[in-house]
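Please take these sequences and the hints and turn them into a complete structure.
If you read the protein sequences in the order shown, they are chains A and B. Okay, so the first sequence: first residue is 1 according to this note's numbering, each after it adds one. Okay, so the second sequence: first residue is 1 according to this note's numbering, each after it adds one.
These aren't lab readings, by the way, just hints derived from the structure by calculation. Be careful, since some hints might not be right.
[As the list claims (entries may be wrong)] Now the stretches of chain B that chain A is said to cover, found in silico as 3 or more residues with beta-carbon under 8 Å:
no., segment
1, 74-87
2, 290-304
3, 379-392
Idealized CB from N, CA, C, for every residue including glycine.
2 protein chains.
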Amino acid sequence: MSTASFATRPLPGEPRPYAFPRFERRTLSNGITLVVAPVHRLPIVTVIAVTDAGSVADPLGREGLASLVAAMLAEGTASMDGEMLALRFERLGTSFSAYADWDVGVASMTVTRSHLADALALFAETLTAPSFPARELERLKAERLAELLQLRTEPRGLADEMMAHFVYAPESRFARPMAGGAAAVEAITARDVGELYTARYRAGGTTIVMAGDVSTDDALALLEESFGVWGGSAPAPIAVVDAPSPGARTVHVVTKADAPQSEIRVAHVGIPRIHPDYFRVTVMNAVLGGLFSSRINLNLRERNAYTYGARSEFDWRRAAGPFVVSTAVASEATAAATREILAEIDRMRSEPITEEELTLATSYMSGVFPIRYETTAAIATALANLVVYGLDDSYFDTYRANIESVTTTDVLEAAQRHLHPERLRIVVIGDPAEVAGPLAALDAGPVSLYDAEGSPLGS
Amino acid sequence: MSTASFATRPLPGEPRPYAFPRFERRTLSNGITLVVAPVHRLPIVTVIAVTDAGSVADPLGREGLASLVAAMLAEGTASMDGEMLALRFERLGTSFSAYADWDVGVASMTVTRSHLADALALFAETLTAPSFPARELERLKAERLAELLQLRTEPRGLADEMMAHFVYAPESRFARPMAGGAAAVEAITARDVGELYTARYRAGGTTIVMAGDVSTDDALALLEESFGVWGGSAPAPIAVVDAPSPGARTVHVVTKADAPQSEIRVAHVGIPRIHPDYFRVTVMNAVLGGLFSSRINLNLRERNAYTYGARSEFDWRRAAGPFVVSTAVASEATAAATREILAEIDRMRSEPITEEELTLATSYMSGVFPIRYETTAAIATALANLVVYGLDDSYFDTYRANIESVTTTDVLEAAQRHLHPERLRIVVIGDPAEVAGPLAALDAGPVSLYDAEGSPLGS
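Okay, structure coming up:
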């Protein structure tokens, strides 16, 4: 090619303005809240139904029930069995998926516009008239128990479970795994499933989000047709206990004999998603351990070569989810890596980050923002979160400005307010013979030993 | 709301026409092929560089080299180390990722339009001037060896590896894992890495795909600037051996003592991606085992409750990848499940599928088609595949018509031509004490036993 074409080379300049899609709210005659984002790029629509049926609704001793109820929705309705349901969704070029997270039950599908009405009828039947066949419940329970067994053999899954166990007060639902333990899952009966469904899956507590090739009026009409006969007022709100386990910093070593590696979690109870410090904390965590170029990752991975990767996160929930630093290191590096994690948390609270660190974090978050919401599924999920967490309708339009307005002083203050070195729980899954001594020598708190099931050793 | 609004209810009708984005081809002055799909929905661009450096280029005894070379690209260049590289990509709100599949090396990033020029400069340096630091090579090798060890403890990974081992002739690269075995990875030296890079990463053999908010002229100018100085003619084509292991149907039991479950693979060598029967075979496989409502899944999961799921696939490569049926069942159901799989393969070849089965498969594939290409990354990946497999430029525009034109007779003929019951390798990872007897009684072929490493027992 000739050099003349260089004249057309685009110059880097200001980002073209990006705007999150417009959306509108409506209410159906039966109380269902509707949020619609008409996005007509492609002839497809994502539908997400959010019910007030998260794992925080699990009764004591039935942990995992909300997850199981969500999974059971697809197993059959009054008029057809699970196989027929799956087949009919497949015939419409889509599939139904459902799960429960801590706060809500979520059901979703993405379908072409031409099949939307038929798919919505099927989607509504699945959500509003499930039959919960006993045979399928037993099958799903067995499947879940096998998964739990598998998860416990993986140090990563065990570490996350033990972290929650040591961080939260025993009476908190958050102290036990979202999908439940073996005893709880085994105890779940068809009656439990029916009771949770009846109590929590109700028109009054449900929001349906539609994003894609549909107008608000059409969405409303389609939903009146498919979901209109569903009833039920909003379920009673749940008082979620997110209290920390009492006491000062402690170290917990859970036995994995002869493990060449240790899984490390350093954690305490964080803050609720709706907290006014959300943006400051998010930027602070990005610098601490949220990005590849974060302090904890550069320290543990690049400077000390203890690990292939280390990260920190605030796990956002309606109530206070945990703040957790996670990594895996060679056994002999366990205490040294823990010391570095504690040092990075302390440094975050004792001196401001540099302007360069701030800019890296904010420009990353600002830069990936439009990439995050490319699909109708991503847009619908974002809007569902808006509803679940009660965020302001202007949230997405002001997101980048909110991120970019965070200062190094904000970050320091957020670290001082929301990182609590004195309350940390240091949880290590590893070989006690190798790691207990060095961890005790760290002087980071009293060290307790546990067997592979998490029961205290020597008691 | 009033019932009047029902008047606005949309009626299901013909699908709105969906069109895959327009794209253009260009050639850079140094021989790089450029494919650009300008899609201006959002201010973002995906860039994919495809090099003729897939795992089929691995020398004998150095299996895994191409994968390692791709992973090493991000570990440093002439002017900066891996940490600085990652940091600079992160600052631009993106990240560099690279891997090798069987046929090609693939590097990619998705970035906002405003950062495209800067990110392309970095992307080009990463691809064209890697420094392959020795310390990072050792770290990546250790990481890879740990992954291989982990994979072998999972019956699923072991089953896939053993399937390839028994299906392909020993001299085929496809007989050994893409990421290599422990001995091969350990043997890889810095010189091996440099040699494969020099031989296969060359402007002449490279295609760059850009999809998103960029015009073809701008893309060409940006690439001349960033990649223009890169040289090298197209690398020599590789003669890929995809011959099957010789002989008639056999059964191979690889020991996993006391396993409560068996992993089952029933497989033979399939056909190359570019085969004229591609659409017929794809529809045939959808009915046989590609969909939830496929015969194999309904038989094993719904009718017999042997398993949580069973599927079949043709693994598409430039040369002939395998046709594989995969499932996991309780040990005592191993022989019965195998019998049902063989029966479904036979039935596919002996009688036509029903019109209903055909419609389900074709309407599913036609229905999900627009949903597949929602993101710039998905569009760019689709175009990269077009290049890798040498498909026609009209491929995406004619896809739905090609799928919908497949008849039940086509499916029967495709099954008769491309399913080979007499050549199958039946591979079971399980407890020989439990499964060997019943498998022998099936009379599906001679049964051989192997230890946990895949070495023949009793020899």
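>> So, against the hints stated earlier in the document, which numbers end up violated here?
In response: 3
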